Amino acid sequence: MQSCVLCALARKFSVDKIKGVTLALKKCGAIPIEVDGVLPELVLGRKAHEISSMKINVGKEKVDLGDVFEVKCDGDEALIFEGDLNHVKRIGELMSSGIIVVRGSAGMHLGERMSGGSVYVDGDIGARCCCEMRGGTVVVNGNVQAMLGSPLPGNTKGMRGGTIAVFGSVGARTGEGMRRGVIAVLGDAGDFAGVNMIAGTIVVFGNLGSNAGGGMKRGSIIALEGVEKIPPTFLYACTYKPTYLRLYFNYLRNFGFPVTDEIYEGSFRRYIGDLSSLGKGEMLILEKS
Amino acid sequence: MIFNGVEIDDTYAEAFSMLGSRLVITADTFELAMIAATSATGFATSVIGCGCEAGIESELDPARTPDGRPGVSVLIFGVSLSALESQLIARVGQAIMTCPTTACYNGLEGEKEINVGGKLRYFGDSYQASKMLDGKRFWRIPVMDGEFLVQEKFGVKKGIGGGNLLILAKDVTSCLEAAQKAVKAMKKIEGIILPFPGGIVRSGSKVGSTYPFLTASTNTPFCPTLRRQVITSLPEGVNAVYEIVIDGLDEKAVRDAMGVGLLSICSCDVISVTAGNYGGTLGQYKFFLHEILKNM
Chain A
0 MQSCVLCALA RKFSVDKIKG VTLALKKCGA IPIEVDGVLP ELVLGRKAHE ISSMKINVGK
60 EKVDLGDVFE VKCDGDEALI FEGDLNHVKR IGELMSSGII VVRGSAGMHL GERMSGGSVY
120 VDGDIGARCC CEMRGGTVVV NGNVQAMLGS PLPGNTKGMR GGTIAVFGSV GARTGEGMRR
180 GVIAVLGDAG DFAGVNMIAG TIVVFGNLGS NAGGGMKRGS IIALEGVEKI PPTFLYACTY
240 KPTYLRLYFN YLRNFGFPVT DEIYEGSFRR YIGDLSSLGK GEMLILEKS
Chain B
0 MIFNGVEIDD TYAEAFSMLG SRLVITADTF ELAMIAATSA TGFATSVIGC GCEAGIESEL
60 DPARTPDGRP GVSVLIFGVS LSALESQLIA RVGQAIMTCP TTACYNGLEG EKEINVGGKL
120 RYFGDSYQAS KMLDGKRFWR IPVMDGEFLV QEKFGVKKGI GGGNLLILAK DVTSCLEAAQ
180 KAVKAMKKIE GIILPFPGGI VRSGSKVGST YPFLTASTNT PFCPTLRRQV ITSLPEGVNA
240 VYEIVIDGLD EKAVRDAMGV GLLSICSCDV ISVTAGNYGG TLGQYKFFLH EILKNM
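As you go down the protein sequences, you meet chains A and B in turn.
For the first sequence, numbering that gives the first Met the number 0 gives the first residue as 0, with consecutive numbering after it.
For the second sequence, numbering that gives the first Met the number 0 gives the first residue as 0, with consecutive numbering after it.
In isolation and in its complexed conformation, chain B is listed as follows (with noise of 0.2 Å):
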């Protein structure tokens, strides 16, 4: 198919179950938020290596927080429910209870609940205090500039991970372009993260590696500089590649991302877009290309 001048591959993004859960951050302005925000969700590309994947999903309103104070939700997926809870309980402890004047609540309903605030409390020395309010527990953790609020449950829900499109074009300037305003674009779909730095990856992967010692290794098939030494899937023309991996709560929340994102890449300077996957037999999820397109 060719939309816009772009040819779009007649290929699938295979993506994967992981657990999904939403953290919603207030302080005093919402530059404290999102610097609460931006630490809690650092080093969170890729569960491999980092342990979690996270990233800021979206600005809240003050009338839109728990407290009434400016806001920013973030998504953090994992792949195990303890997993989870331990990069929470991280997270929130070392990155956000340390910014002046935040406070933690849990975003999302989830099918299951995790116990962030009521291992933290324990910081507190003994003297964190436990309000119950609407059913929901809350802990104060005492801390030099009042009070830290968290509470105590949060909530986890099945989502999706590894949803891409993979980017081809000319040169790295238009690739670049391509992909930053697909980024700006796919930020204002509700339920979804991009994990990597600034939405886009420039490093992706391939599973497996020459050496016994790696799961994972650079994607060569994509990679211009290996063109005559690989296999390779890049076509005529094609010197950069970029990836932008997608996580959301919900199929349709990735399905969206994905097609606002198409839309924007295609009206760009790009050659083509495809999507990785894995032959189908590893994810559980399938977002074809073609049909995301016609959809939208």
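Bound conformation, chain A alone (with noise of 0.2 Å):
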């Protein structure tokens, strides 16, 4: 199972240790430079000059990929990069089987529309990133900006299924328009997170911000440590034990995140909404004893 894989790449072996092809970052710019074609279904298995000659965009030009990362080929389990990627963009996007590693920070759009495979980031990423995801995973070390599993501009539907594991924070409107999958973060979610959410889960284990869940037709928003403020579209329902999260909060377990007795055998107070659209959501929020 993928998810078991990055489980193991994440949690139980030092990414260090995985081979396959490297793409160092030549030097840093303020330019943007993107990536997408650059996948592991593409890429691994070729040679170096092969990679090297692969065409990728830098502003507004499109030039060799060996003009601007160094290619190492020294296995085929990952397609690696390396360096300060924070103005690389569209590392994963339409990715659907492989593995991709970035040692460091990524730019936006990471994962972008991605149907399978796994990424993981040791860093932080930019905005815009798992937009209209379909599949697969995607786990970052580090703080994630802002839209997180949103809809592209101009579209109301936004991931549609995988996971998406962050060990750090996420900005505002994390998992907007989501219309199925998962969405689990160790830190904060900032403000509208699940706004206009359609379906899925959202797990938060740090402060959940404001105005969260608002639009929300059907789908779950975990609070596990609290909400800055619940919408007044919401209405208490009752608190109870939902036997359903023990088994996302099984599945997450693996993924490393930290569930507590506390939060495994747990009661949550059900809040329902949004009450100014169809109102079958639901946000739970975890009572502290």
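Where hints are given, some of them may not hold.
Result set (DSS-like, lysine-lysine): computed pairs, CA atoms no more than 27 Å apart in a straight line [stated by the list, open to error]:
no., chain 1, residue 1, chain 2, residue 2
1, A, 216, B, 285
2, A, 240, B, 118
3, A, 279, B, 157
4, B, 135, A, 216
5, B, 111, B, 293
Note that these hints are calculated values from the structure, not bench results.
Keep in mind it's a predicted model, so treat the numbers as computed, not measured.
Can you join these two chains into the complex? Each is in its own frame, and there are hints to help.
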């Protein structure tokens, strides 16, 4: 199972041990570099000179990948990016299989519309990552900027499958328009998490910002450390122990999230909403003893 | 063959292909899970009269269940996919969902799938919610103590129904003792159930009847009171017979169960052990007693 592979990569083995095709950024810069099309399924198994001659965008220009990255082939387990990659965008865009490891931080649009495979990022990632993601797994060891898993501009449906595990905090509008899948955040979530959510599950181990779930139709937002402000269109229903959450917590435990006994066996206050929309969504807030 | 003073007939049990499914029932306590499992597998001794054959397979530690709560696994066998689906929907809906704190999961990666949770969800009256996790869909049905969680699809695989052992003894007491000891040993085998009450059949049947409206009737060759009225299969000295019927998910499970059953029986005060068959013309499987015993 992909998530177990990533768990093994992230939590049990050093990513330094993975062998594959390494693309090391030659020089930092401010001009955005877009590496859409540079995917494990297209790169692994090829020779270094073939990879170097792939075309990528640097700003408005199309250049050879080898002009920007040093290519080293010593295996075929994963595609590895190295260097200060904050301006490198579209890593893993439309990916369908394989493993990408980012040794450092990455720029915007990582994992956009990916449908399979796994991406592991050792640092932070930019805004608008995993937009309209359909499947696969993304693990981020650092923080994520705004609009994780959101729709692309002009669209209404965001992430529709897969799992995103963030071991830092996330910015605003995380899981906007989410249609399916799981987003788990170890740190805090910014405002408007799950806004206009259609379905799916967001689990926040830290604090949940204001106006979470605004406009949500269905889906679940689980707040384990509290919520800044519950929207007035959410109404308290009951306090209970949702059995289904135990499945999710087992799943997240395998990723390395710290699911304590208090969380696992805890009771949750259920707020239904958003009543200004369909109103079949829920916010579950862990009741602290 | 004589083993431990017990005569083992040189014969075989003739068994049939059936479709099997496994439910994992969990609850807040083991007692509640067992209550649900017992209810769900009641009135399920034979497909002919009950629609399916069902029984409790094993108790499950919290570590072995999907939600980390105490559980029980149950096997249900039917003759067709549609029949099995109807039975599962009815039993999960009426006997498991109705029991406090339970949840019900699929316990078998089968060759085919049947839709159980997906049909039961309508009980939620449009307030049910679906959750998709790791490629599996679950339904959360609102009920009076919170939610009933049920997996949408349940796996089905080809299994075996009708493995059997017939224990012949001098009286009811010794025959029953041997049967119960065998049942206790056989229940430890994974992948099988013993669908009859306590795992034991006292009213074994044969194909056909004097009456044209009946397809099966009492097993007259093994009825002690009819010894002088019918062609008997009873040696002298036998005054009681009990049968143990085994349904299993695969041949090995049935074979293993019959093997441990035979060993247990042969440690008791019984006269002989035999098995029921139809001349080998009906069933797809044959379990030879001598072969099984030799392999133990």
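Satisfaction of hint between residue 118 (chain B) and residue 240 (chain A), Cα-Cα up to 27 Å: Given pair residue 240 (chain A), residue 118 (chain B) holds - Cα atoms ~24 Å apart, limit 27 Å.
Pair hint outcome, residue 279 (chain A) versus residue 157 (chain B) [Cα-Cα no greater than 27 Å]: Violated, at about 40 Å.
Below or equal to 27 Å on CA atoms is what counts here, so check residue 216 (chain A) against residue 285 (chain B). violated (57 Å)
Does residue 135 (chain B) pair with residue 216 (chain A) here, judged by a C-alpha cut-off of 27 Å? holds (22 Å)
Given the hinted pair residue 111 (chain B) and residue 293 (chain B), is their alpha-carbon gap at most 27 Å? Violated. Residue 111 (chain B) to residue 293 (chain B) sits at ~35 Å, over the 27 Å cutoff.
Going through the hint list in order, the structure does not satisfy hints 1, 3 and 5.
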